[in-house]
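K.L.:
Protein sequence lines correspond, in order, to chains V and H. Using my numbering, read the first sequence as starting at 1 and increasing by one per residue. Using my numbering, read the second sequence as starting at 1 and increasing by one per residue.
In case anyone wonders, no lab produced these hints; they're calculated from the structure. All of these numbers come straight from a predicted model, not from anything done at the bench. Worth double-checking, as some hints may not be accurate.
In the DSSO-like style, the derived pairs of lysine-lysine whose C-alpha atoms are separated by at most 27 angstroms in a straight line are [as the list claims (entries may be wrong)]: (1) 96(H) - 272(V); (2) 214(V) - 183(H); (3) 200(V) - 96(H); (4) 115(V) - 203(V); (5) 171(V) - 49(H); (6) 304(V) - 200(V); (7) 49(H) - 141(V); (8) 304(V) - 49(H).
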Amino acid sequence: MYVFLPHGMQRRALRGGGRSGLTLALLVVLGLTLASGGAAQEPSKGGTILWAVHEGMPDFDIHYQGTYIAAQPIGPIYNGLLTFDVYDNEKIVGDLAERWEISEDGKRITFALRKGVKFHDGADFTCADAKYSLEKLTDPKRATPLFVTIMENVFAGATCTDDFTLVLSLKEPSAVVLNMLAGAHAVMMKAGIAEQVDRKDPKFLVGTGPFKYKSHTPGVDFRAERNPNYWKPGLPHIDGYQAVVMPDLTKIFASFRARQLTMTGIGRHLEKPEADILQRDFPDAVVALGPRAGWDAFVMNVSKPPFNDPRVRKAAALATDREKLIEIAAEGWGVPGGYIGPHTPYGLPPEELHQYPQFGDDMAKRQAEAKRLLAEAGHSRGLEVDFLVRRGPMYERGALSRQDDLKKVGINLKLTLLDTAAFRDRNEKGDFQAYTTLNAVNIDDPVHYYSRFTCDTPANLGRYCNPEFDQLFQEQSRTFDVQKRAEITRRMEHILLQDIPDARGFYWKSAMAYWNRVQQWPPIQGTTVYNFGKFERVWCQGGKCM
Amino acid sequence: MATYIVRRILLMIPTLLGAVTLIFLLMRLLPGDVALYILGSGESSEVNKEALQQIREDLGLDRPLIVQYGLWLWGAVRLDFGTSYWTRQPVIEELKRRYPITANLAVMSLILGTLIAIPVGVLSAVRQDTLADYTARVFVISGLSLPNFWFAILIILGLVHYFKWLPPLDYAPFWVDPWQNLKQLVFPAVATGYRLSAIGARMTRSSVLEVLRDDYVRTARAKGLQEFVIVLKHALRNALLPVITIIGLELLTLFGGLVVIETVFTIPGIGRYLVDAITHRDYPSIQAVVFMFSLLVVTVNLMVDIVYGFLDPRIRYG
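Modelling step: build the complete structure from the supplied sequences, incorporating the hints.
P.N.:
The following block contains the structure:
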């Protein structure tokens with residue numbers, strides 16, 4: 001069975017219109033109802049969910065590990081203060097915090113913590129644990145730079161006024177903090193755990209979440225079982241889960257077809273031809289498709305020739321045929337966009353995007369303009385560019401499409417294929433003229449999208465710097481109101497679309513498949529790869545998940 | 001003879017040292033940094049320089065190369081290969097856990113390959129230039145020319161498409177659950193054993209053909225013995241010596257093939273461990289696997305040399 005949630009409808013819904021929101025909700029309900037066979041059913045208990053991750057996790061600390069290979073298997077062991085309601089447009093709701101209040105100046109957030117919550121080892125969850133976790137998230141030695149770069153600018157301190165009241169003090173108002181605290185990585189750990197237990201030791205995994213650690217075989221699998229004392233009565237429904245390490249897409253899909261896996265991956269590991277096979281031959285398979293907070297990047301090093309010249313960057317953007325790129329690289333599963341996910345409330349609508357020449361419909365006109373700009377920049381005879389490509393079909397196909405496009409205007413991309421380790425090494429050192437890869441954010445917030453363009457941040461590998469942009473970056477991060485924030489991000493988009501620090505091709509869509517015995521699986525949204533609801537409400541018909 | 005053996009054993013030491021030194025240097029020449037991986041191999045490009053430096057210090061990557069090399073070598077001679085940069089588990093524990101799986105698969109491939117090679121080779125020889133021979137030759141040429149990873153993928157797709165079945169995900173040792181073990185490893189063994197069987201079949205064919213033309217076979221025929229007795233009892237016995245030699249040598253190549261097959265079939269053996277280690281630039285793990293593999297190769301070569309020494313006195317004193 002297919003449940004496709006049309007991207008456009010999701011995007012419109014997410015843009016904030018109540019009517020569109022209703023449309024999305026209806027679609028979701030319709031999809032889930034169709035998947036479940038039409039009738040509301042009492043959740044069955046039991047069953048184990050198996051899915052594939054492409055490599056094993058390096059350690060068990062998801063404060064420290066920003067990657068999905070850790071977030072997916074480990075996330076359900078924990079709770080956060082807040083969480084995204086994955087069934088309701090990723091609205092932020094309380095998790096271990098029953099409620100929270102933001103002070104008028106926006107510099108204090110007071111969390112009323114849930115009472116009676118216990119860690120898996122029987123200890124009570126109190127404010128001391130929350131305070132410890134927040135402080136850990138600001139420490140570069142104990143947390144991923146994803147948090148640290150945000151928190152070091154805003155975190156002033158955390159205090160406990162009593163065992164169940166936490167006050168988070170901020171140096172300045174920050175709209176991203178709540179989003180970050182609701183994300184998959186900002187989980188509440190037991191106070192002192194990182195000092196007492198090595199992050200490689202499974203004893204590190206003491207959470208309050210719906211599942212408890214069961215076993216881990218490095219490079220093979222990670223297993224967890226139901227927490228019988230979970231503080232949400234009656235949840236979770238399934239007995240446990242198993243994340244299986246499978247590096248090869250062919251094997252993942254074959255294992256799914258052989259019903260060894262419940263799902264190909266969480267928001268991952270399904271390509272268009274495979275979805276077609278499922279549609280044709282497997283009526284009980286559900287294909288879920290939705291937006292993804294990940295894009296095909298073409299990062300140019302603006303600190304070096306030739307891309308230190310904005311005309312050359314603009315020429316590259318003009319020459320890129322995005323429709324062709326989407327067909328070749330993603331077999332149609334992609335959507336053009338600016339510098340922030342088009343599915344977010346901050347993404348530019350297509351009609352606005354088309355006003356920029358690099359998104360114009362007339363390809364011949366764009367090519368002519370690109371040639372003119374190159375000639376003006378002194379490259380009338382063309383130029384050669386070293387182009388780093390991360391090895392893998394996801395990157396290589398798109399790279400070839402770009403190479404073909406840019407050649408037409410005189411930019412000859414000399415491809416260098418590198419494995420991930422070598423690729424990252426060159427990027428981090430700034431040893432490149434241009435590179436392509438899939439970039440992503442794990443929280444759909446402007447701060448995460450734009451932090452790679454602010455001066456002097458580690459994520460800014462292209463070395464782009466514009467003080468005006470930085471000023472707006474600070475301004476939007478202090479703005480809580482979505483509409484007002486969107487007005488600022490529109491101006492930021494305008495700057496980037498003029499300056500073109502990278503000529504990104506398109507935003508990917510997330511696709512996965514699962515068997516229709518699985519119920520209450522949330523719809524795919526921008527960051528489903530990380531935020532999927534911890535299997536809390538998911539259940540399997542008859543207690544069988546395949 | 002004793003001097004010869006001692007000399008051969010002493011020669012093993014520089015060979016092993018050369019192999020591990022080469023892999024140590026090659027890995028350091030490759031671009032890539034395990035610390036970057038540890039900080040997140042996902043799609044985010046945010047890396048904290050401080051944390052990066054801290055990891056490099058923790059792993060000892062900031063020390064001079066010669067110190068890293070010396071420490072590793074001193075550990076290796078005591079069979080202490082250090083701790084994996086990626087999993088932080090002692091490498092020797094990983095090797096102990098994974099080698100039996102790879103050995104299990106290698107033995108199964110060897111048995112399967114041999115069981116196919118000999119009948120096919122014999123049939124091809126005794127039915128020379130017939131349809132059976134041509135079919136066998138197609139089998140052999142295909143086995144030699146098809147890349148085993150491609151053949152493995154075909155097997156996976158074939159099993160799923162026609163039987164909606166795949167080998168189970170969980171590994172069970174043969175002595176714990178033989179049926180589960182067979183179900184899991186028989187198809188990977190087919191994928192690796194196919195090439196082995198092709199080589200064996202080709203060697204068997206040519207060897208049997210040669211023997212069938214010998215005088216004693218002609219004599220056996222003149223005596224009126226039945227053809228299958230002549231082939232099985234007289235010809236095959238003599239023809240098998242070179243076949244066994246070539247299959248023994250191919251066992252080493254087979255270990256190389258298992259690196260790919262284990263990855264394709266998701267078998268948690270030493271081959272997959274090596275691939276993961278290379279991807280993550282996990283130097284201690286790579287060096288340990290290469291060291292063990294080199295040890296296996298030089299040991300097999302030593303045994304062959306000793307056997308040849310026994311058989312041919314000229315080698316001993318050469």
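K.L.:
Is the straight-line distance between the alpha-carbon of residue 304(V) and that of residue 200(V) 27 angstroms or less?
P.N.:
Roughly 41 angstroms between the alpha carbons, so the hint for residue 304(V) and residue 200(V) is violated.
K.L.:
Need the status of pair residue 96(H), residue 272(V): alpha-carbon distance at most 27 angstroms?
P.N.:
Roughly 41 angstroms separates the two Cα atoms, so the pair is violated.
K.L.:
Does residue 49(H) lie within 27 angstroms of residue 171(V) when you go C-alpha to C-alpha?
P.N.:
Judged against 27 angstroms, a Cα distance of about 24 angstroms means the pair holds.
K.L.:
Is residue 200(V) close enough to residue 96(H), meaning Cα to Cα at most 27 angstroms?
P.N.:
19 angstroms, holds
K.L.:
For residue 49(H) and residue 141(V), compute the direct alpha-carbon distance and say whether it is at most 27 angstroms.
P.N.:
10 angstroms, holds
K.L.:
Does residue 115(V) pair with residue 203(V) here, judged by a C-alpha cut-off of 27 angstroms?
P.N.:
OK: residue 115(V) and residue 203(V) at ~24 angstroms, within 27 angstroms.
K.L.:
Quickly compare the C-alpha distance for residue 214(V) and residue 183(H) to 27 angstroms and report which way the hint goes.
P.N.:
It holds: about 26 angstroms lies between the C-alpha atoms, which stays within 27 angstroms.
K.L.:
Check the hint pairing residue 304(V) with residue 49(H) against an upper bound of 27 angstroms on the C-alpha distance.
P.N.:
22 angstroms, holds
Checked against the numbered hints given earlier, this structure breaks hints 1 and 6; the rest are met.
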